[in-house]
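Q: These are the residues of each chain, in order.
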Amino acid sequence: MSEKNCPAIEVKDLVAKYGERIILNHISFTVPQGEILTILGSSGCGKSTLLKHLTGLYTPLSGEILLHGKSIVHAAEEEKRLLMSSFGVAYQGGALFRSFTVEENVALPLEEYTLLSREEIRKKVKEKLKMVNLDGFQHLMPADLSGGMLKRCAFARAMALDPKLLFFDEPSAGLDPVSSASLDELILQIREKTGATIVIVTHELDSIFRISDRSIMLDAGTKKIIADGKPEDLRKNCANEEVRRFLNRGKL
Amino acid sequence: METNKFKLGLFVTCAVLLFVAAVTCMGLFDFLNAKAYLRTTVTESVQGLNTGSQVKLRGVPIGKITDIIIHMESKNICLEMEVDLQRFASRSQSIFSNSAISKEEFYQLLHKEIKSGLRCRIEPDGITGMKYLEIDFFNNVKPVSRKESPGKINSCTTANNSKYFFIPSTPSMLASLRLTMTDILAKIAMIDFDGIARRSNLLLENVNKIVQPQKVDKLITQLDKCVESIRKTSDTLTDVLDKKEINDTLADIKKAVNSIAVLSTDIRKNINDSNIPGTVAGLRDLTDEIEDSSKNVNNTIGKLNDAIDALTELAQYLNDHPSALIYGKTRDEK
Amino acid sequence: MAGEDQKKSFPEDFFISVGGMFYTLKEEIFSCIVFAGRVSSAVLDAFRHPGKIRKRELLYFMNLCGADGVPITFLICFLTGFILGYQCAVQMQKYGADAFLAGLVGCAMVRELSPLMVSIIATGRTGSAFAAEIGSMKVSEEVDALRTMGFMPERFLVVPKLFAMALMMPLLAIIGDIAGILGGAVIGITVLHQPLSAYYSQTVSWVRPGYFLESIIKTAVFGIIICFIGCWRGFRTGSDALAVGRSTTSSVVLSILFVIIADTILAHFFNNIFF
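Residue numbers (our numbering), protein chains in the order written: chain A, 1 to 252; chain B, 1 to 334; chain C, 1 to 275.
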């Protein structure tokens, strides 16, 4: 299978443990290229744990995770780092380096992985920041940014190397509805411009319906995927009552 | 995260400069200076002397001890030292006005001075028991002669270190005190007290045999002579040692001598009274007393021996632990 | 878990807690070794590609643990020399050993106290700061972010600090050495009425240049220990709000402990060299 045709993410029979507790029990799913996938679930069902496994931060107990056909589970240290640099991750709190300015944060991957000159890097950073409507804020420190700006800056940093795969951890958590909506818009724009596959962990219903092509839902009890499909369909037709309740804000 | 590069640069420069200045002051670059190498052998213990101890020329530090070697054949200790010629030259104003003196010049100078009595010896440095090596003219102390001539290869030379210049040593003050005491003791021991007593005894026996008035005068003169000789001996002892305890024991001898003198007057009186039998009896007493005094003298010498041994031990202890002087004093105050 | 389960009888409870202690100890030692391995590989990497060392961080930390610490180091070492000189002067004067004050203060400061004081200051100033910095980065997922960007967090977060500490601490120690000697000199001049030149020549005759080398090597080792422990505790920070505080505390305690242990070993080592 060539890299072009293989799915962006392939999870096979993943078992994850956190301490002594099993969090994910034999789950499998595939994400084709260019799709926006949302991972749903009530708090504590292992969404973040799944994301950390997908991004290679945690090593699963058993099972396989392939990103563009390459295993992140069995990769050697150096290989794994290379694989990790090929996708972008935007964390819940932004996780911007607080001792760096906005510009330096976005420029960091460029400085480390490309041979671009300082001027070229500056241009590229400007371009990325423009994409997330942060042009002009280059010299602010992360502490001076608002919540929405932090997230957008984190997006810009995740996209710095033009990755084909992006992970967003709760992008709209803790934001006001307007910022949240504009962030959703931004995610759609990003997909449109870059054609990247995007995996989002969230429980914001508005966002889910607005942006996702497909959703999978994890269950805290069974530690398995209990729903997989278009969020609209799931809301209306899912066999599992739990899923319908979640997508209807607890009402049936 | 901008760095104040000026501050950092200032800090680094200052610290590095301080370091260089400090180690230079402490003498890191002294090894670049010209050195002269000296050696000496000492017969006494070098307790308190370490490698690195100072070598002083009449109290002025000019170098340090570099090695201490035990020479097993002669049981002597061989001390090797190096003299910083630059430091030496900078402190010897009159002879070398310029800042350098070559090794050969220095050796020549030493050679000359050694001929006129320059010696080195171990001296206590303060009260802590530390020592240093002093190079000086010690005219007041009789140098214990060592056969080696200055500058020549000596007993502790090995093949590879002939660069050392030999400088003879003299025992330290306390060591020489010890030697002097031993000498005195030997001299005292040489005085033939037994012989003196025997001779007096013999004399008196003769007198006893041939007590004749015409010979009594001769006898008296001889007795006087004998008394004189004993007194002289006692005086010599007093001169040589005016230690109190020794004086006390010498008083015994004096008493004995006095009693002889008293007896001699008795004899004189008796002869004058022509009381010959009485005189004979008196002479017999005298003989006994002389025998007693001879024993006394022997006793005294034994005591003297003990006293000098104790004194020697004390001297050695003080030599090694000068601070004992202070502890002793403080204990007294309590 | 029912309440009855937690009420365990004495021996069981005791053995469980002892077992737990050893388990934690094993975990900590294991994590320390793993961290040491990661740091050494990052350091090796830095030596192999010196261009990849983050210059900006390096300079920043050099300033932080070097230049910024000069005033406090100078003050503390000066006062240490002063106190040492004062206490000894009082005793030594009784025995007429005044002349040895310079040697005592000089040797003690240069060989032992200045490296130790500098290290203790650095533990408080920089070691704890490192632990807190990395700890809070861990809490805010910045460490994860570095990792998912494909970087070795040790290269970013530990190597510049380690180099800065190993390079700057010795310089601080030299300033401390000089400050301590000056502190002693003040006592020599004021209490014992020695002339400055006499104090100077005494110091110079007692303190050997090798002692400065000892001072430097010691502080460099201590600096590495402090930095290593600070960073290690930082990386071991949990994810709750109190965790950063805990890791800071443990970094300070462990740093001082290990500095003292290292000092014991080094003191023995250097005494074998010098005597």
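In short, the hints are calculated from the structure, not lab data.
Every residue, glycine too, gets a C-beta built ideally from N, C-alpha and C.
You may find that some hints are simply not true.
What the hints assert, rightly or not - The calculated lysine to aspartate or glutamate pairs, modelled on EDC-like cross-linking and capped at a C-alpha distance of 16 Å, are:
#1 A/80 to C/57
#2 B/5 to C/68
#3 C/55 to A/111
#4 A/124 to A/112
#5 C/52 to A/111
#6 B/5 to C/27
#7 B/254 to B/224
#8 B/295 to B/194
#9 B/232 to B/192
#10 A/126 to A/162
#11 B/56 to B/104
#12 A/164 to A/176
#13 B/254 to B/289
#14 B/7 to C/68
#15 B/295 to B/224
#16 C/55 to A/104
#17 A/124 to A/104
#18 C/52 to A/112
#19 B/254 to B/235
#20 C/55 to A/135
Unchecked claim - Computed footprint of chain C on chain A; a stretch qualifies when at least three of its residues, placed anywhere within it, have a C-beta under 8 Å from a C-beta of chain C:
#21 24–38
#22 240–250
Q: May I ask which of the numbered hints given earlier this structure violates, with the numbers listed in increasing order?
A: 1, 6, 11, 12, 15, 20, 21, 22
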